[in-house]
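One letter stands for each residue in the lines below.
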Amino acid sequence: MIVVNALTKLYGDVTAVRSLSFDVGPGEVLGLVGPNGAGKTTTLRCLSGIIRPTSGSVVVAGHDVIQDSVAAKRELAFIPDEPHLFDYLTVEEHLRFIARLYGVADAPARIPALLAELELSDKMRTLPPELSRGMKQKLAIACGLLHDPRVLILDEPLTGLDPAGMRRMKNTIAERARAGSAVILSSHLLNLVEELCTKLLVVSRGSCVAYGTLAEIIESRPELAGRSLEDVFLTLTGTGSGE
Amino acid sequence: MTWSALLYLTGMSVWNRLSSRVRRAREPRYLLALVAGGAYVWFFLFRNIGNGPHAGQGPGGPFLSAGGRLIVIALLVLGAMSAWVFGEDKTALAFSAPEVSLLFPAPLSRRDLVGYKLLRAQIAILFNVVIWVVLLRRGGTELPPLMRALGVWVLFTTTHLHRLCAALVRASLGEHGRGAWKRHWISLVVFGVIVAGTVVAVMSGIRAVGGVHDLHSLVAAATSALHSGVGAVVLWPFVAVTAPLYAHTTSQAFAALPWALVIVALHVAWVLTADTAFEDAAVAASAARAARLATMRKGRHAMAAARPVKVKGSVRMLAPVGHPAVAVIWKNFLCLRRTAQTRTLIAPVIGIVAMSAMLVGDVGGAARSIALGCALCAGMLIIFGPAIARNDLRQDMLHLVALKTLPLRGATIVAAEVASSAIPVAAIQWLLIVAAGVALSFDPLPKFGAAAIATAAVIALPTLLVFNTLFALIRNGAPILFPSWIKLGAVVGGGIETLGQNLVSLGFIVVLLALMLVLPVALAGGAVFVLKGAPLAGLAVALLGGTAVLGGEVAGAVEVLGRALERTEPGQVPG
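If you read the protein sequences in the order shown, they are chains A and B.
Heads up: the first sequence begins at 14 in the working numbering, then just goes up one per residue.
Heads up: the second sequence begins at 15 in the working numbering, then just goes up one per residue.
No wet-lab data here; the hints were simulated from the structure.
Ideal Cβ positions, reconstructed from N, Cα and C, are used throughout, including at glycine.
Take these hints with a grain of salt, some might be off.
Beyond 10 Å from chain A on every Cβ pair, some chain B residues (computed) [stated by the list, open to error]:
#, residue
1, Leu45
2, Asp126
3, Ala471
4, Ala548
5, Ala562
Where chain B lies over chain A, by a calculated footprint (3+ residues, C-beta under 8 Å) [said to hold, decoys possible]:
#, segment
6, 54-68
7, 92-103
Turn these sequences into a full structure, and let the hints steer you where they fit.
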């Protein structure tokens with residue numbers, strides 16, 4: 014569903030992402046983890062077509078993100094850690110805007126259900142500046158899910174959500190994966206990654222330090238056997254003792 | 015210990031700000047901006063610095079004259095009263111968001127915070143002192159620059175401290191009511207005495223000169239009010255703080271300086287003891303400033319900053335299927351509808367109506383007057399339209415992350431964004447032109463028939479659309495091609511580099527506009543020349559032909575800008 018090959022992103026002399034290669038198939042959830050400044054957000058932005066890779070390729074549902082960006086973007090949704098909403102569109106208008114962009118013909122029927130699911134029904138005519146941080150995040154999630162994307166890219170999706178919202182978000186991610194979407198999830202919450210992800214991509218300083226299922230990663234590093242995911246992460250990224 | 019930390023914060027902030035600007039100048043575009051801004055400042059401020067003082071030349075002459083001093087004192091009195099009565103200057107209390115979150119919970123006394131605020135204000139004051147000393151250099155006095163700088167510093171510092179005091183007292187009164195009246199009674203009594211004394215002094219001054227009939231009698235009355243009777247007492251502080259600046263010799267300035275410094279010291283003591291409501295007032299002022307800055311960055315007019323936006327009426331809902339670019343235009347129309355500052359048009363429209371009404375007598379005929387008013391309004395929109403309708407990339411570049419995830423080509427996004435601001439302006443202009451045409455058709459002495467007017471209205475529509483698209487396109491091109499150059503809606507910031515950026519941007523817009531108009535104007539001119547036997551037909555062909563060529567150029571430019579937008583990364587966009 015999404016195939017990344019030798020993805021590299023340079024900012025001047027600084028290498029933000031160095032030759033990352035991985036793929037995420039339908040129904041898979043990839044956890045992208047790494048310390049601060051490892052290049053996670055840059056990677057997600059390259060996958061979403063927001064920034065252009067310096068080299069390498071990203072193919073979403075058969076469409077190259079650079080060569081065929083419109084077709085690729087039609088198949089994906091990117092939900093950033095900081096919701097980017099238009100100040101002068103109400104909650105409902107945001108969804109209608111997205112519906113038109115992606116040609117969601119049954120949007121009038123789906124919007125109320127989606128808003129109810131995310132507990133935003135009573136905020137339909139509210140502008141984003143009047144929403145709490147968590148509600149803005151829910152609206153961004155609703156915008157991402159409205160067109161049933163085949164590839165779902167999430168950057169710290171639980172930021173700002175209350176416990177019930179977190180539970181619902183986790184269920185939603187799992188449901189989307191079960192429905193056949195490929196999901197890429199970046200988070201510092203290792204328990205979330207452990208709970209949802211079918212495989213991991215651990216990055217540090219822009220490079221891949223481990224990739225595969227947790228079992229595969231531990232198999233390649235036998236000294237990590239029996240350790241918690243936190244210990245595994247700290248050891249792999251060299252950001253702690255791992256003890 | 016505390017002050018060393020605050021001094022460190024102040025010093026390092028200034029140093030880092032300067033050094034980051036110097037580092038940025040390694041990039042050619044910032045270097046160009048710095049050179050352009052520096053050249054502008056040099057030309058207007060420092061060009062003749064080596065020529066020595068010339069009495070009466072330059073802005074310093076009138077400013078440093080006796081009349082100039084009267085005006086300055088009058089402005090000081092009015093400014094002080096305004097600060098007390100209207101309290102419009104809450105920015106005197108405002109801290110930045112990091113200052114509120116880091117300094118307010120820190121183990122600092124209120125006095126430390128107020129002192130820090132005064133220290134930060136001194137940076138701006140000292141900068142302004144340098145500018146004013148240079149501006150006043152050719153003022154015709156013998157004062158050495160350092161003494162003149164001291165005079166300007168006393169004036170600016172006292173003004174700032176007084177505004178700060180007034181803001182603190184007003185905040186305290188607002189919060190604590192009667193209790194605050196008791197605490198600040200001395201300040202309030204002094205203020206009341208000065209107001210009453212000033213009124214009495216002005217009335218006496220007017221009586222002394224036998225009424226105000228002209229500028230000379232006004233100056234005489236003001237001088238009398240200032241130097242005799244009650245005025246000499248109640249207005250003495252204002253005279254004293256201006257005395258060092260208006261001294262003619264160094265010895266005069268030295269004689270005046272101690273009293274001026276006493277007034278500054280009294281104000282400092284006043285600020286440091288009148289700080290009861292400081293934190294609450296400062297936090298409120300800081301929050302208001304932060305909201306204002308945020309809204310300005312989002313492109314709304316500064317005067318409308320922070321006003322709550324109402325979700326107006328029912329807008330026709332967007333159908334879920336159809337060309338996706340329409341969604342962008344629909345979004346931007348909603349933005350315009352909810353943010354347009356039509357109030358800013360009231361004064362110019364009143365002016366135009368008045369001008370048109372005055373012309374009724376000269377030209378004759380209400381119909382022609384209405385037509386003229388409509389035409390003037392349409393013309394005015396050429397200048398003000400793009401400033402009012404900013405519902406395009408000038409706002410949406412701040413949402414570049416969201417824009418770049420849309421399943422649209424870059425050129426489609428650019429076209430939709432540009433159309434969002436061009437269409438409303440063109441539509442209003444067209445309606446005005448139609449109104450002008452209708453009005454002319456009622457003219458008792460029509461020079462144009464109804465058919466000619468109708469034809470003109472039909473031809474005007476595409477012409478206006480293309481012209482407004484061109485204007486909007488050029489203004490939208492800047493944030494795409496030079497995202498770091500353009501303040502996206504922001505009016506904050508400044509400095510030589512920003513000044514240079516604005517100059518270079520303006521030059522760029524003018525040159526581009528001229529280049530794009532060369533071919534269409536040449537073609538239109540050719541059509542008029544060839545069809546000079548039939549001027550109306552020639553004009554129609556010229557307009558339509560020029561519009562077609564310009565439309566082709568615009569379409570090409572949209573493609574180019576679309577590709578540029580696809581290459582622009584969020585990190586390149588400030589704010």
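So, going through the hints one by one against the coordinates:
1. Distance to chain A confirms leucine 45 of chain B as a non-interface residue, since its nearest Cβ pair spans about 17 Å, more than 10 Å.
2. No Cβ of chain A comes within 10 Å of the Cβ of aspartate 126 of chain B; the nearest lies about 32 Å off, and the non-interface call holds.
3. For alanine 471 of chain B, the non-interface assignment is confirmed: its Cβ lies about 32 Å from the closest Cβ of chain A, beyond the 10 Å cut-off.
4. Interface exclusion of alanine 548 of chain B from chain A stands, the closest Cβ pair being 47 Å apart, more than 10 Å.
5. With a minimum CB-CB distance of about 29 Å to chain A, alanine 562 of chain B clears the 10 Å threshold, and the non-interface call stands.
6. Remark: the segment 54-68 of chain A is confirmed as covered by chain B, as 6 of its residues place a Cβ nearer than 8 Å to a Cβ of that chain, reaching the required three.
7. Counting residues of the segment 92-103 of chain A whose CB falls under 8 Å from any CB of chain B gives 8; the rule of at least 3 is met.
In summary, the structure agrees with every hint in the numbered list given earlier.
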